[in-house]
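Novice: Chain by chain, the residues run as shown.
2 protein chains.
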Amino acid sequence: MSSSINQPGENQAWLDAVKWNSDGLVPVITQDFETGTVLTQAWMSREALSLTQEEARAVYWSRSRQKLWRKGEESGHQQIIKEILLDCDSDALLIRVEQIGGIACHTGRVRCFYRRLENGQWVTSDPVIKDPEKIYKK
Amino acid sequence: MSSSINQPGENQAWLDAVKWNSDGLVPVITQDFETGTVLTQAWMSREALSLTQEEARAVYWSRSRQKLWRKGEESGHQQIIKEILLDCDSDALLIRVEQIGGIACHTGRVRCFYRRLENGQWVTSDPVIKDPEKIYKK
Numbered sequence: 001m002s003s004s005i006n007q008p009g010e011n012q013a014w015l016d017a018v019k020w021n022s023d024g025l026v027p028v029i030t031q032d033f034e035t036g037t038v039l040t041q042a043w044m045s046r047e048a049l050s051l052t053q054e055e056a057r058a059v060y061w062s063r064s065r066q067k068l069w070r071k072g073e074e075s076g077h078q079q080i081i082k083e084i085l086l087d088c089d090s091d092a093l094l095i096r097v098e099q100i101g102g103i104a105c106h107t108g109r110v111r112c113f114y115r116r117l118e119n120g121q122w123v124t125s126d127p128v129i130k131d132p133e134k135i136y137k138k
Numbered sequence: 139m140s141s142s143i144n145q146p147g148e149n150q151a152w153l154d155a156v157k158w159n160s161d162g163l164v165p166v167i168t169q170d171f172e173t174g175t176v177l178t179q180a181w182m183s184r185e186a187l188s189l190t191q192e193e194a195r196a197v198y199w200s201r202s203r204q205k206l207w208r209k210g211e212e213s214g215h216q217q218i219i220k221e222i223l224l225d226c227d228s229d230a231l232l233i234r235v236e237q238i239g240g241i242a243c244h245t246g247r248v249r250c251f252y253r254r255l256e257n258g259q260w261v262t263s264d265p266v267i268k269d270p271e272k273i274y275k276k
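Listed in order, the protein sequences are those of chains A and B. Start counting the first sequence at 1; every next residue gets the next number (my numbering). Start counting the second sequence at 139; every next residue gets the next number (my numbering).
There may be inaccurate statements among the hints.
Claimed, not checked - Cross-link-like lysine to aspartate or glutamate pairs, in silico, EDC-like; alpha carbons within 16 Å at most:
hint, chain 1, residue 1, chain 2, residue 2
1, B, Lys220, B, Glu256
2, A, Lys82, B, Glu172
3, B, Lys220, A, Glu118
4, A, Lys130, A, Glu74
5, A, Lys19, A, Asp91
6, B, Lys220, B, Glu193
What the hints assert, rightly or not - What follows is a list of derived Cβ distance ranges for each label pair:
hint, chain 1, residue 1, chain 2, residue 2, range
7, A, Asn11, B, Ser202, 27 to 33 Å
8, B, Gly258, A, Gly120, 43 to 49 Å
9, B, Thr262, A, Gln121, 39 to 45 Å
10, A, Glu74, B, Pro270, 29 to 35 Å
11, A, Glu133, B, Gly214, 46 to 52 Å
12, B, Gln204, A, Ile129, 39 to 45 Å
Calculated directly from the structure, the hints in this document are not laboratory data. If you're wondering where the values come from, they're calculated on a predicted model, not measured in any experiment. Glycine included, every Cβ here is placed at the ideal spot set by N, Cα and C.
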């Protein structure tokens with residue numbers, strides 16, 4: 001499956017259309033399909049994007065771990081793909097998803113953007129929905 | 139004004155909290171405050187973010203032109219800041235804005251994410267609201 005991803009071919013033209021950066025990655029914005037909430041910002045490699053389309057769930061490239069990251073593989077908080085969009089410069093993606101469990105952030109919050117700038121300070125604006133220790137407990 | 143931005147100081151702690159990448163930039167997601175539409179993905183330098191806060195309108199760093207880019211400086215399509223949010227890893231920003239003129243994209247569309255993946259092809263899903271030649275005509 002993944003061995004065919006980097007082969008040029010008729011069916012891969014949509015992957016060729018993406019402008020990958022010097023690390024072979026593209027920034028991805030993940031938005032809740034129903035609420036419109038911007039959940040997170042992550043990165044995809046060519047293989048990650050191809051798998052995202054194939055499996056209809058978000059597969060990112062983890063820059064910290066330097067490997068494919070099937071969102072929800074540990075937490076169960078998978079992101080089911082509803083729509084994949086490309087921007088005008090072909091260098092950013094927007095995926096609109098169904099967020100399983102209603103929690104996108106590893107801190108146990110709905111979204112990763114939970115700090116708001118207020119009077120020159122980052123103030124935590126969103127509550128923790130579920131204790132991360134319970135999310136990641138095996 | 140901008141000369142003070144790179145000086146360490148009590149009031150700049152919120153800028154220090156952002157994890158700037160090796161180019162000194164951070165990815166920024168821009169969302170329409172009223173509709174929730176994700177308009178664009180762009181980049182900010184430390185100075186751009188400081189000016190964005192100061193002027194309450196989106197100021198980006200243009201990677202192609204390698205200079206500060208006051209969104210709307212030519213088109214008039216400014217983005218008025220309603221909210222600035224930072225993510226859990228401190229390496230991405232979400233700004234929620236009022237989009238002046240209702241057009242964020244240089245192609246004359248509401249948003250830059252106007253191509254949707256359908257059956258292995260990028261299909262243009264959004265109409266042009268205003269001819270770009272009329273937008274950028276002096």
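Novice: Are the hints correct? Go through all of them and say.
Specialist: Going through the hints against the structure:
As the CA atoms of lysine 220/B and glutamate 256/B are separated by approximately 34 Å, the hinted pair breaks the 16 Å bound. Simply put, lysine 82/A and glutamate 172/B have alpha-carbon atoms about 22 Å apart, too far for the 16 Å limit, and the pair is violated. About 11 Å separates the Cα atoms of lysine 220/B and glutamate 118/A, which keeps this hinted pair within 16 Å; it holds. Between lysine 130/A and glutamate 74/A, the direct Cα distance comes to roughly 14 Å. Compliance with the 16 Å bound is thereby established for this hinted pair.
Among the hinted pairs, lysine 19/A with aspartate 91/A is consistent with the structure: their alpha-carbon atoms are about 5 Å apart, no more than 16 Å. Under the criterion of a C-alpha separation no larger than 16 Å, the hint pairing lysine 220/B with glutamate 193/B is consistent with the structure, at around 12 Å. For asparagine 11/A and serine 202/B, the hinted distance range of 27 to 33 Å is satisfied, since their beta carbons lie about 31 Å from each other. As the Cβ distance of glycine 258/B to glycine 120/A is approximately 48 Å, the hint placing it in 43 to 49 Å holds.
For threonine 262/B and glutamine 121/A, the Cβ-Cβ distance of about 42 Å falls inside the hinted range of 39 to 45 Å, so the restraint holds. Our hint of 29 to 35 Å for glutamate 74/A and proline 270/B is violated, since their Cβ atoms are close to 45 Å apart. At roughly 50 Å, the beta-carbon separation of glutamate 133/A and glycine 214/B lies within the given 46 to 52 Å, and the hint holds. Checked against the given bound of 39 to 45 Å, the beta carbons of glutamine 204/B and isoleucine 129/A, roughly 42 Å apart, stay inside it.
Hint check: violations occur at hints 1, 2, 10; the rest are consistent with the structure.
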